[in-house]
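For the record, the sequence lines run as chains A and V. Using the working numbering, the first residue of the first sequence is number 221, and each one after it goes up by one. Using the working numbering, the first residue of the second sequence is number 884, and each one after it goes up by one.
Treat the hints as calculated values from the structure; they're not laboratory data.
Quick look at which bits of chain A chain V covers, simulated, 3 or more residues with Cβ under 8 Å:
no., segment
1, 253-262
2, 327-339
Derived Cβ-Cβ restraints for the label pairs, each shown as a range:
no., chain 1, residue 1, chain 2, residue 2, range
3, V, V905, A, L282, 34 to 42 Å
4, A, D358, V, I1066, 35 to 43 Å
5, A, L290, V, F1333, 34 to 42 Å
6, V, A1175, A, K311, 46 to 54 Å
7, V, V1069, A, Q346, 21 to 29 Å
8, V, W1260, A, K394, 50 to 58 Å
9, A, L294, V, W1035, 15 to 23 Å
10, A, W301, V, R998, 40 to 48 Å
11, V, R998, A, T287, 28 to 36 Å
12, V, R1188, A, D314, 55 to 63 Å
13, V, E926, A, Q346, 24 to 32 Å
14, A, G273, V, P1041, 38 to 46 Å
Even for Gly, the Cβ is constructed at its ideal location relative to N, Cα and C.
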Amino acid sequence: MAEYRKVYGLGAEFDSAASLMSAAETVRDKKFTHWDVHTPFPVHGMDGAMGLGKSWLSAPVLIGGATGTLIAALLTFVPSWGIYPMIVNGKPFDWRVLPAFFPIFFELTILFAAFSTVFSLLIMNQLPKWYHPVFNWDQFKKATDDGFFMVIEARDPNFSESRTREFLESIGGKNVTLIHD
Amino acid sequence: MSESTTAAAEVSLSTPPELARVPLVQNQRSIGWITDKVSKIVEERTPRWWWVAFLICSPVALMGLLCIGYQISNGVGIWGENKTVGWAWDITNFVFWIGIGHAGTLISAILFLTRQKWRTSINRAAEAMTLFAVVCAGIFPGIHVGRVWMAWFLAPVPNMQGIWPNFRSPLLWDVFAVSTYFIVSVLFWYTGLVPDLASLRDRAKGRVARFIYGVFALGWRGSNRQWRHYEMAYLLLAGLSTPLVLSVHSVVSFDFATSILPGWHTTIFPPYFVAGAIFGGFAMVLTIMLPARLLYPQVDDLITRQHVDKMAKIILLTGSIVGYAYLTELFIAWYGANPYEKFTFFNARLGLEGKGWYAWSYYVMMFCNVISPQLFWIKSMRTNYVAVFTVCMFVNVGMWFERFVIIVTSLAQDFLPSSWRHYSPSWVEVLTFVGTFGIFLSLFLLFMRFLPMIAMSEVKIVTPEADPHHTPHGPGAVANH
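Bound-form chain V, shown alone (with noise of 0.2 Å):
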């Protein structure tokens, strides 16, 4: 009896090699070389490439802006839509940067909460991307007003004419909804960048560079005092920004669900869309992550094949999600035998009879969203990074003509054959389309260059040297606590 208690004792104690988990940081770095590999990317000369990523990314920003400049002193009418399709490329590009925009605060709040502690080197750019994301969302519906000097009657401000705006709309509570997104997101992503911002400062050669980090490190001085109500403020905006992105697309759903139109009128929307946005979202991470890695090998130890896994995973499982609300919209037209909305699905979208004008668009969706993911049940795939890539760039596609297929298949083909219209983009939304990601990708540079990619202090937590029952001479020393 008391041999079979020892021989217990003793499996529990080693842990066999196929169940030990593989370390975060790689190659037992020290946390000294964290700081100095984060920081040296900021701190180095600015490399070649970024030059040449920035001026070609900059004109296209640069050209985005012309053109929103010159909707506005144009009006709509430059756009291609016409009466019955008055949403479209707009909300569509609209919807499509708002969704990417959820990836980064999922990383850095949902997955705080239930302890990934992967997220960790991730969740400062995914953060960051959100924010940028959301900027280029929000272009959209700013110019979409038309008169943008009126766009301020959507903030219920007291005026002369007495108006207030009307707060059962879901278009007025999308206003809500994403400035407040951007404004938590903004408040979290400063707050876990102080430390950061910190270290930076600290290590700063030149006086500009320390003085302009000190600025914004606030003097930060990593002490437990501020450290235990730092923890606090960053678990409570953990716990306050989870709910806000599970409401942020579900409110942008409304816009659609809370319509009568066939195709948009449905109850299942705001979970398809939240799945869809994690979705887009995290394929948006990883096409900017994956360059991003390669161009810094420096950083290879803190995002490693694991981490490129489990955002696969996550991919497959949010596309597998989105391809079963695809499905299930089928079958309710079928089974809620609205003939409108039967018509939508089945003709509209699925092309039967041969009656669908954007038929081809639903294709392209279902391909991109549904079959391409399913690539990840292969466990080489997952870590191979050309294959993601590639089925990251499908997802991205695919979840632009996801909205695509939403907002024109049901408004140009809706109640009657009489008012049916086609629809085509000018160039001016083509041009401001791609201009966002111009702006988008000249943001993601301009962050990569000033500030620490990777939360280093994040990092740290994460490493055996950070456990205060960890001793250099090995786990036999735990037992003084």
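Chain A with its partners taken away, still in its complex shape (with noise of 0.2 Å):
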């Protein structure tokens, strides 16, 4: 039946994650743009040889951690400044009471930091998503062990199913694969 089902990409297995990254530099210099490699854990300096930045995950992450000292600014000062004053021990309830408050400050800017980061995290992977092309593949079940592999999508400009393929193999992929949808 796969052969009626549209194409998502070529896939290709490699030795090592020297052997991916040194193909994954040859891939960017090549200018593919949809394409991606998938390693049991992170390999170090595989941004930098597919091209990618720095991740701008921290950018959310500072706007959730200043809304949360924002929230605790609010939170601690309207009742107390505001609507429920309360004197205990003769001290003060207003403004100068702040040095108390830092804690919950803290707290709560950490608080929503974290959840600013768990949330960004998985915007930003989108994730969850539980069906894949990737997926269909037998060996890809090796990525989360062992193995290493890079899939370049069909809908890539410079695709093309025998070219790649060559190409793919040229740079050391081994049991080049197409997905299917």
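Once you've looked at the hints, go ahead and assemble the two chains, each given alone in its own frame, into the complex.
The following block contains the structure:
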């Protein structure tokens, strides 16, 4: 049945992290745009080999942390200074009480920043995504074990089933397989 | 001149064997071997010892839950607490468990930021231990409020009475600190688990296992476009958890330090509590990791003597910091010339003039926390599992007594001799505390059975194979990069 399904891309297996990385550098230099490598652990330096910059995930985390601080400020000051002033041991309840609120500020900053980290990670990685065409490739199970894979997608403008197959083999790819959607 | 340069170059190229680093993964195991051995723990048939352990721990846990139910239905009057000793075993147990809960996040966050690569094989189990310890800790202040159904008043939610909590109170800071700590630890732990859950999903034989691991693996594909954000997220979570882990026990110590009670009212408390928490936490990590390692000999190459040695060194360091804090407290009690503080430290705790009712507990604490870890100055003791386990048991006992000393000696004999009261725990308190060990160990046994005990994807990074400049033909091939 597989031949009637849309082609997702071509996958190739590599021997080691080192060979995958040098292959990735070649693919990057050939100006491919829709491709990825799959490894059981993050390979140090692979971002550069793929021509990817630094992750910008820290930006939403900064916003999340700042939101947390702001919410903590409102949460403590609105009741204390506004709707529910409480005098305990004759101590102040207005702006002068700020140092006593620092622990709350701190904890909510961390809490909101941590939630932003995890949710940004999920959104930026488009997870959860329980179905993906690469899972149709039998060998792909090894990507979370000890396999090193590269997949070039069919929607890449440079993609051609025969030429890309030859190209992947020329840069050291083994078991080059057509992956269907 | 040129000869000496060549000689220098040769020296720098070949590391003498005594300076070479001991590999973190022994016997040059491949990354496939790591996946296989760690996943096998989850995949193989439930071993008989596991059932024996679980059938011992889970009834104890159940007993603890029954005691909690009994306490809630009857009120705190069934505890041995009285007027003046209003905090006793419950808060001791709370601080004890929350302290233990510090080691996991320390290992996964602070040791990550300081690039201590040996953390990778122990961080998963230590984080799990953290979560279960915080669960046990949360029980005690929860039931200590007495009318548990009113506990929601701690949360700053708009309510019909228009009442708001007092945000200046350290007890409310505690609510925020502990709950934030628990939530962030869960997030950190789960983020670390996702790639390993994907490994289990891809290896699973049965449909049910594949479905469940698959759902929780979120469709992880190990693609580098994912790893790029993942590594940044992991770094950020480590960066956020590092001040958090230091803040939690500081806030717990504020519960005491902001009061005016002699023995509690000291500025040394935050650093002293944090050091004590790391100390007690590492001891508990070793207390459960050493038997786990014995029961799963296949992970011997991952959790090596080197790891035990390094953890023992941290116990020695933090134990000595704690000892230093004890001595500083005594010095300040003498030097500060406050008669009440002097009485608390020298009479109530040290037992001078025979006035200390609970002085014995101070000496138990001193021996367990300060004297016993000094054994770890000797290298052969740090790598001897029996010695390490014995010292860790002493530390577990000692750290519980530290909180008992702080809480009970200060409360039982405070300012006025006419208000002094003896305290002894009731059977409910004792069984609730024993029950929390059942809860803790049962949860840990379940964790060992169903989740990868060792962070596979992280251990793989520290193998030579993971180095992108590594080739199977040896280090000479590095040159092509």
